[in-house]
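Given the coordinates of chain E, assemble chain R onto it according to the supplied hints.
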Amino acid sequence: MSTPVTPQATGPSASELVQEAPEPLPVPAAKAPSPLPAQEFGGVVAKTPNPVNSVPESEASSATPKKGGATTKKVKADPENLEQFIEYAYSRKGQRLTLKPKVEKQIAQNARLEDEALGRLLNLAKADVLLAVPRQILLLSQEVTGLPGLKASLTSFVSNLMQRHPVFGEAGVQGALRNLPEGLAVAEASARVVAFEFAPGESVEPPKGADLQEFRQNALRLFVTWLAINRGLNSEELSSLLFGAIWQPAAKDLADDNARLRALTDIGQAAGVGLACQRFHQQAIEARLRLDQAQREAAGLRDQLAAAESRLADTTAQLEAVQTALHVLRESSAAEIEALRRQHVIDMTHLQHELEQLRGRMVKRLTDSVEMLDVGLSALRKDTPRIPVMVERAEHVVDALRAEIQELGEE
Amino acid sequence: MTVVGFDFGTTNSLASVVIGDEVITFLENEKPIPSVVSFEGGKVEVGRKAHDKLSSAGLGVQGSTVRSPKTLLGREEQLVDGVRRDPVKMVEHVLDHVRRFVLQTKAGRDLKMDRVVATIPVNMEGHRRALLRQAFRQAGMSVVQFVHEPLAALYGHLRMSEGTSDLIRRYDGKMLLVFDWGGGTLDLTLCRVLNGLLVQIANDGTEEVGGDVFDEELRNEVERRSRAEQGLEDDVEVLPEARKRLLHQCEEAKIRLSDRSTWNVYVDPYYQDDKQSDLQVNLARDDLQGIVGHLVKKGVARIERLLEREGFSTASVELCLATGGMVNMPMVKDRLDELFGPGRVHVSKRSASAIAEGAAWVAHDEARLHLAKNVELALARNSYMPLLQAGVEMPIERENRRERFDLYCVDPTDGHGKFSLVSPHRPGPRVLANDKRRPLCNMLLKVDGKARPFRERLALEVNIDENLVLTATAWSLNQKGQTAAEVHDLEFALATPGARNSWLNSNLLGDDGETSPHEPGDLSMRSNIAARHDESLVPGEVMASFNPSYFWTHMGSTPPEIQVEERLYYEPCAICRRGSNDPLCRCASMPAH
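Chains E and R, in that order, are what the protein sequence lines are.
What the first sequence shows, in my numbering, is residues 1 to 411, in sequence order.
What the second sequence shows, in my numbering, is residues 1 to 593, in sequence order.
Be a bit skeptical, because a hint or two may be false.
Going by beta-carbon spacing under 7 Å, a handful of chain E positions derived as facing chain R [stated by the list, open to error]:
id, residue
1, Arg279
2, Thr349
3, Gln352
4, Val363
5, Asp374
6, Val375
Simulated crosslink set (DSS-like; lysine-lysine; CA at most 25 Å straight-line) [what the hints assert, rightly or not]:
id, chain 1, residue 1, chain 2, residue 2
7, R, Lys49, R, Lys89
8, E, Lys364, R, Lys297
9, R, Lys244, R, Lys49
10, R, Lys49, E, Lys364
11, E, Lys382, R, Lys275
12, R, Lys349, E, Lys364
13, E, Lys364, R, Lys31
14, E, Lys364, R, Lys53
15, R, Lys244, E, Lys364
16, R, Lys244, E, Lys382
Just so you know, these hints were derived from the structure itself, not from any lab.
All values reported here derive from a predicted model rather than from experimental measurement.
No residue lacks a Cβ here, since even glycine has one placed at the ideal position from N, Cα and C.
Chain E with its partners taken away, still in its complex shape:
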């Protein structure tokens, strides 16, 4: 078993990369500089089978060797160190890279990139206008097993490259790449990458038209590949990002049914499409399941709501009935109180009146009696007393007072 080697031992770590503050990667002066001929390495033309296997990729169309290229390929020596291998990779212009175990081991022995070599390689990378190669290197690095130093060096190189390239130059995007707190969310960072515009006044002319579009797509692919490898971006998220940023806009550009038919039937990389579709299908199934579950839950909640509303209505009705009864009770009690109050006032008035009547009657009776007795007395005081006058008046007063006493007794 090979001793595991940490990436820090074989190449610069992410934090080291930040501390180094590398110079930004200059924008390539021209598209497709073709620094090296196809299948050529160090001036030696290698015959097939090449120690470094190459698989054409439809996605990297600009980096795909032209048809009608050399049918007889020069035999080329196997790369002995990492620099050579990366040079070789750039010569592939984005085609898939593979390493034979033997070569792999050889490169692993010289997997460290010196600063000069790194500078050279970064200059070489400038020629990769469409940014098609770094993703292949990154993917290859994941296929390296048991050689952590090589793997780390490959990853480190790509990291270096990405930190210097202006498409990832925005702080938020860089933060997302390096998993910094100030980094943008993956979706936002991806959107920035896809929408990237070269700043005016660059010394080199940026790609235009379809090349610019392809550059952006490659940048995004590199970005999401990096995230998938280093930040555990799962395939669903990856598919979703690619769908939103590349596939869907591309599909929108299809003008008519024929163009759509053509696009569908031109799909070469069935595995990728299959994988994406499988993911989407799986997502759809899961979404469907979630929808069903949500609908079941919604139905349950609706039932609960209906039951609750029914209970609420019953309670409200009961409350209203109670309130009405209370209102009626209050009104009736208020009316009773008011009636009692009125009756009390009436009774009081009548009692007062009766008292006044009684008083009036007494005053009248007494006044009459006094008048009678006055007259009677004056009759008695005469020289010839008028006794009958006094007698009948006295009788009358006595009778009247007796009658009054009897009346008072009866009252």
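Quick look at chain R alone, frame taken from chain E:
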């Protein structure tokens, strides 16, 4: 808001109010407040104090004291002790005194005493009603409704009797007599209960036999007997104020002899002689009967006269409701019992306050006055158009009942439309064309004399105001003539408690009968007014002048015979131009040439 019943009587005044289905009457030491006002310089005394200054019976002015100022209403001013005084102001003094008295009692202190149902005599016409309302207003009270005194007394009696509705059913269609014999006047009102309404049929009244006249008569006789017993000539003067005291003693004797067989009338001193002699006369009940019996007979005789005048007998009277202070005299009660039988005479225990209490019940029940008899317009050819139907509710305070009618003139040739408002003698809306009618007012309206019959439109508006005065106003729309007349003596009915007036559902004018609808001696006017376009209503001669072809029978026209006769009678002779009834016209007897 409580409305008070206010009896502003000729002799006494008092107020009553119904509180909690029981009536309270505000009496001053068990006595009503005398309707007397006295002026002493700038001081005005009202009620008992003013009454004590009276030294003789009779209504009106006595020196500086005015008894029953109500009877003076309608005069511009009244000379009282050399000072010109406004009768309305005098009435106001009495009303204000009663109001203040009520408000100072414990039972009445919570009353506002600002709205009253006021009682009025049956014969109080509209102008005096308006003045009385003004006096009430000046005293701080508004009259919600007037109600006639006998109607109020009857209403109160029915309301306070047990089984009111049964009683009303029992009396339905029967005659009821209200016999109100007070200190100043005797008022008789014959009523009938018709469909739940108390309707006045006839009324009579006199001041000749008021209670005060009894007292005065008794005083004169007592003094005469005293002088005779003491041998004093007529030239022996009586001490000042002694006659007043004797009057008071006579009133006392009148009351005492109700339950005693004898009573000594005694005033000391009385005569202005050397000894300042006293007056002592022993009176027996028979003496009293002998002295004032003729007055009782005179008073009760008015009942018989009234019934005779109206064509009824005493047997037709179902109830005689006796109110007023005088009905407590046994002599009066006995006489009434003789006349009607004891079962039909009801002497109110609270006879002095019966009217006020009735008014209080009217106020409490919000009972309304209704028109007792139709008000009709006489139309051409002796038909009648009801302007206001009997049973119509009369307006109360701040209300008016107004009706407007569009009419035509069937004979405008003399330039006048002749409006005659009449009222049938029969109460209720069910009257016949030949029922006797009483003219209410006549109006002459200037119309276009050159217009054809039915061409110019006329309008008539009748309005009854809160004082129950009917004002009729007529206009001619083209000639722009206008005339108006007032009727002050409409007759009214009072709804009994819980009554539903079914009069308005009764049939109206019938059209049968041939007898004259007018009483002998009535001033009547031949109406030339019509309410519909009907050429048969136009006099024949007028029709002939405007439309000769109307009489061309050979052309198929069929004019009514009356119009043909009118034309022949009123058209001058075609030959000699003499009138058709001129005996000098012999044209028709001339031999044909």
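Cross-check of the supplied hints:
A least Cβ separation of about 91 Å between Arg279(E) and chain R goes past the 7 Å threshold, and the interface hint is therefore violated. The interface hint given for Thr349(E) is met, as the beta carbon of that residue sits about 5 Å from the closest beta carbon of chain R, less than 7 Å. Because the beta carbon of Gln352(E) sits about 4 Å from the nearest beta carbon in chain R, less than 7 Å, this interface hint is met. About 5 Å separates the beta-carbon of Val363(E) from the nearest beta-carbon of chain R, less than 7 Å, and the hint is met.
Hint status for Asp374(E): violated, given a least beta-carbon distance of 10 Å to chain R, over 7 Å. The interface hint given for Val375(E) holds, since its Cβ lies 6 Å from the closest Cβ of chain R, which is under the 7 Å cut-off. Note on Lys49(R) and Lys89(R): the hinted pairing holds, with a Cα-Cα distance of about 18 Å set against a maximum of 25 Å. In summary, the hint linking Lys364(E) to Lys297(R) is not supported, as the alpha carbons are separated by about 32 Å, beyond the 25 Å threshold.
Restraint check: the Cα-Cα separation between Lys244(R) and Lys49(R) comes to about 13 Å, which is no more than 25 Å; the hinted pair holds. Taking the CA atoms of Lys49(R) and Lys364(E), the gap is near 15 Å; set against the 25 Å cutoff, the hint holds. Proximity of Lys382(E) to Lys275(R) is assessed by CA-CA distance (about 11 Å); at most 25 Å being required, the pair is judged to hold. For the suggested pair Lys349(R) and Lys364(E), the alpha carbons sit about 18 Å apart, so the restraint of at most 25 Å is met.
Using a Cα cut-off of 25 Å, the hinted pair Lys364(E) and Lys31(R) holds, with the two alpha carbons roughly 9 Å apart. The hinted pair formed by Lys364(E) and Lys53(R) meets the criterion: a straight-line CA distance of about 19 Å does not exceed 25 Å. Annotation: proposed proximity of Lys244(R) to Lys364(E) holds, straight-line Cα distance about 20 Å (limit 25 Å). For the suggested pair Lys244(R) and Lys382(E), the alpha carbons sit about 21 Å apart, so the restraint of at most 25 Å is met.
Of the hints listed earlier, those the structure fails to meet are numbers 1, 5, 8, in rising order.
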